[in-house]
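> Starting from the known structure of chain A, fit chain B onto it as the hints suggest.
Here is what each chain is made of, one letter per residue.
Protein chains: 2
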Amino acid sequence: MTADPVAHRRHPRRTGGGIPQLPFRTLTNPFTPLEVLSADHVEDIHRTSLRILEEVGVEVLGDRAVDKLVAAGATVDRSNRRVRLDGALVEELIATAPPEFTLHARNPERNVVLGGRHLVFSSVGGPAFVTDLDRGRRAGTWQDFQDYVALISTLNVIHQEAGGPLEPTDLPVETRHLDEYGCLATTLDKTWHCLGTGATVVEDALEIVELARGVSREELLERPSLITIINTNSPLRLDGAMSEGLIAMAEAGQAVVATPFTLAGAMTPVTLAAAIAQQNAEALVCVALTQIVRCGAPVVYGAFTSNVDMRTGSPAFGTPEYVKGAIASGQMARRYRLPWRSSNATASSVVDAQAAYESEMAVWGAMMGGVNLLYQGAGWLEGGLTASYEKLIVDAEILQMMSEVLQPVVVDEASLGLDAIAEVGPGGHFFGSAHTLERFETAFYRPILSDWRNYETWADDGALTATQRANRIWKQLLREFVPPPLDQSAAEGIADFVATRKREIERRA
Amino acid sequence: MTADPVAHRRHPRRTGGGIPQLPFRTLTNPFTPLEVLSADHVEDIHRTSLRILEEVGVEVLGDRAVDKLVAAGATVDRSNRRVRLDGALVEELIATAPPEFTLHARNPERNVVLGGRHLVFSSVGGPAFVTDLDRGRRAGTWQDFQDYVALISTLNVIHQEAGGPLEPTDLPVETRHLDEYGCLATTLDKTWHCLGTGATVVEDALEIVELARGVSREELLERPSLITIINTNSPLRLDGAMSEGLIAMAEAGQAVVATPFTLAGAMTPVTLAAAIAQQNAEALVCVALTQIVRCGAPVVYGAFTSNVDMRTGSPAFGTPEYVKGAIASGQMARRYRLPWRSSNATASSVVDAQAAYESEMAVWGAMMGGVNLLYQGAGWLEGGLTASYEKLIVDAEILQMMSEVLQPVVVDEASLGLDAIAEVGPGGHFFGSAHTLERFETAFYRPILSDWRNYETWADDGALTATQRANRIWKQLLREFVPPPLDQSAAEGIADFVATRKREIERRA
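Protein sequences appear in the order of chains A and B. According to our numbering, the stretch in the first sequence is residues 1 to 509, in order. According to our numbering, the stretch in the second sequence is residues 1001 to 1509, in order.
The set of hints was computed from the structure by calculation and includes no laboratory data. Small disclaimer: the values here were computed from a predicted structure and weren't measured. Be aware that a few hints might be false.
[To be verified] Per label pair, the in silico range of CB-to-CB distance: (1) Pro30(A) - Glu1091(B): 24 to 32 Å; (2) His429(A) - Glu1504(B): 39 to 47 Å; (3) Glu1174(B) - Gly313(A): 52 to 60 Å; (4) Gln1021(B) - Phe431(A): 42 to 50 Å; (5) Arg503(A) - Pro1020(B): 56 to 64 Å; (6) Glu1174(B) - Ala459(A): 28 to 36 Å; (7) Val1410(B) - Thr312(A): 19 to 27 Å; (8) Val1410(B) - Glu100(A): 27 to 35 Å; (9) Ala1095(B) - Arg335(A): 38 to 46 Å.
By construction, the Cβ of each residue, glycine as well, lies at the ideal position given by its N, Cα and C atoms.
Chain A on its own, in the form it takes in the complex (with noise of 0.2 Å):
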């Protein structure tokens, strides 16, 4: 990785001196990842993407989009704006999209790389609503929005920010973007996430984003930095809010993560094949456009195939057919050689057992199947629909436990001990050895959250929850918190963009 030359570091980053937490670190995943499909397998669901992608379609809203994938070769019925693609055309578009690519942030130590065996955390993206133990349920407000980002910012298992943690519905409709990416990129110097909804945003995010390392447009194409979510509306349609996006990061050389949310049962079909396949033309068409726009642009293959239930409507997530379905994506996009993209999700209301079970679900699924990008790595709760406080505490503790299984296990002739074993001899101890006082400060994890005193100390100090000392966690981290160097210009400069542009659509509004 290259050095950015325009971050600065003046002092070493503090992240909340009374928790102790892994330092930042990028992160290899060593393990052969699970299959859940045989190879015949993949073929079916491939070939039947394909089909769906030839014989039933894709209804494309943008013009541009419509008009850049007819030039490409794909067909178009005018009268009901669906797009066919044949399958040989699909399989040529998508074959120039990069294995692996590297996202620059301003500080270059948080650049990360996707694809391969690499392994990116990001945190929670895109509810409407916040929670804390304090003042419950609420729509979110700018002031957590800022207090989220600066947690997001001081966490180190997290990688990088998912383009806004929750809605600052304080803040104007039309300028809200403007605001939030300021904050974001003052307050992280992580990658970050910017909307996919339009190419304006996308504009505001790449004018920001170029302030804040100081680099030209030209730089930027070529080291990217912004990754954003293009969504499908399942089943089958591609909005066009979320073409203009994807066209406009495509352009500028930036991230697109091309990820159909598919419910089956309520998208797709309830069987996991359909819901695969019909996920995987939806994904596909989405890669082939951005190859389309630019050859090579930056893309990831994006899965969120969870169901419903079939009681309720209700959607589930960290379920069994969510592992699977996760698993089975993963070996879907290999099948493409693309970066895979999964989720950290639970449908759970209250950050509680069930809470923790499915998010447990969700991360040891994808971990296991070779995911490159965890999105919503931290913070979700009910269903994506609200930014828990506390949640990011206990999933924050979640990826650092995985982030040290992932670590290697060391044998050699010292790690063996026999000396130690043979000095302490049947029925004494270790405590005092010195094998052990050689090791022992870093031997083991040291949890964020987890309490493993006994119950009369526990009970003696409270008998709190995990959830109530993940409260007390954030707020020390939020008291303690400082924000990452930045240079003075580049703070200046983007204060000003933000001002000038609110002003601008101020004025136009």
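Just chain B, lined up with the frame of chain A:
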């Protein structure tokens, strides 16, 4: 599996009318086991374990065990009861242990196979305390014992009981095991663990299980029912009662789970390699002893390596080190072609997010490592000191979900659903399509505990956490519990035996 001639089922088993459950079913794990050790590292650990047994030796406190080991070729220093075994001797002795065996329940449909790809979930075993939301944490009672065993009986996902979920401290210590066995043999038609603390408690279990199944000692030897945990006192000590229990079980052809309980930093060096090498040495000497007693006796490679918090000395469970230790242990067990036991463990004092994420870590690690017996599968809390009624339900949900992850994804023309996708087309939905209507009732996993309703509905219904809902569920299961059918003569025989033996023991006291 051969049908047991005297097991009877008069009518289908009722299992808590109102609570949805998956049926009782045996499980196999389709996934290639995860590895954290290279093949060379497995051999390094193996060789270190043999050197521990050759050079350091194991302190064996039981006279019969010492004599049997010496007769088989071990040496002993009688001054400190240190038994040393040559590596070649260890390898020769353990080679006769069966890679796979069946345990026979009184209902043959509840038989379980240990080894190979087979996967068995057992309930919590051994806690002194019990807890629930209504009555709090307290010493276990005989009423609790019976209630908890009824829940284990009624929860289909639990294949096997684990030797008493809690200590009925209001019963006399001397005769307690007889009441426990009587309860287990009559309340469960599943297999169950007996105690391994000496020959007498094993002999009583043999008598009771013979009465329950209506088989002779010879038939029981050929088709075993019982299983027990034999713990070493790490480091490197086998106590007298455990060695007598091991011998009695092996003589009767019943299964032993040879389980060193090794907390790195306290009972082993802090390094994972040393902890596994020492655990392996301790497990191997127990496996060897079973085979000396009876060539081909069923034995499971038990592994319970975790670590202590080096700041407080508290044991930690479900940590990254625990997961890697478990997976490494599975690799060692497979090297010796032995069934492998791991656990579902947490250090949390309360049924909260921590309890769930630590349990999920332990369960996923075990499953991915290819575990055969997931002991402590449901109900364990607080480092195993407490059996929780609510945790039992949380774990039953976790295990049900894992059991569904193991089920194959069906990919065929019908499940690929191209016609349904074509029929609905872009922008539609699948709720009413024929493809959905034919399949929706069984398409997705139906939870015991998870609440997927939207926030408003959930809040209007009392805003209960998963733990609070679990409290309602175990009470309903208990209210609706009907014991599985048992021959009147068997029930009377067991009651007579328990009464007679209790009188004998009381007279002697």
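> If a hint holds in the structure, say so; if it doesn't, say that too.
The hints, checked one at a time:
1. Pro30(A) - Glu1091(B): 24 to 32 Å: This hint holds: roughly 30 Å between Cβ atoms.
2. His429(A) - Glu1504(B): 39 to 47 Å: holds (40 Å)
3. Glu1174(B) - Gly313(A): 52 to 60 Å: This hint holds: roughly 59 Å between Cβ atoms.
4. Gln1021(B) - Phe431(A): 42 to 50 Å: Roughly 45 Å apart at Cβ, these two residues keep to the hinted range, so it holds.
5. Arg503(A) - Pro1020(B): 56 to 64 Å: Holds - the Cβ-Cβ distance for arginine 503(A) and proline 1020(B), about 59 Å, lies within 56 to 64 Å.
6. Glu1174(B) - Ala459(A): 28 to 36 Å: At roughly 32 Å between Cβ atoms, alanine 459(A) and glutamate 1174(B) fall inside 28 to 36 Å, so the hint holds.
7. Val1410(B) - Thr312(A): 19 to 27 Å: Holds, at about 25 Å.
8. Val1410(B) - Glu100(A): 27 to 35 Å: holds (33 Å)
9. Ala1095(B) - Arg335(A): 38 to 46 Å: holds (43 Å)
The structure shown violates none of the earlier numbered hints.
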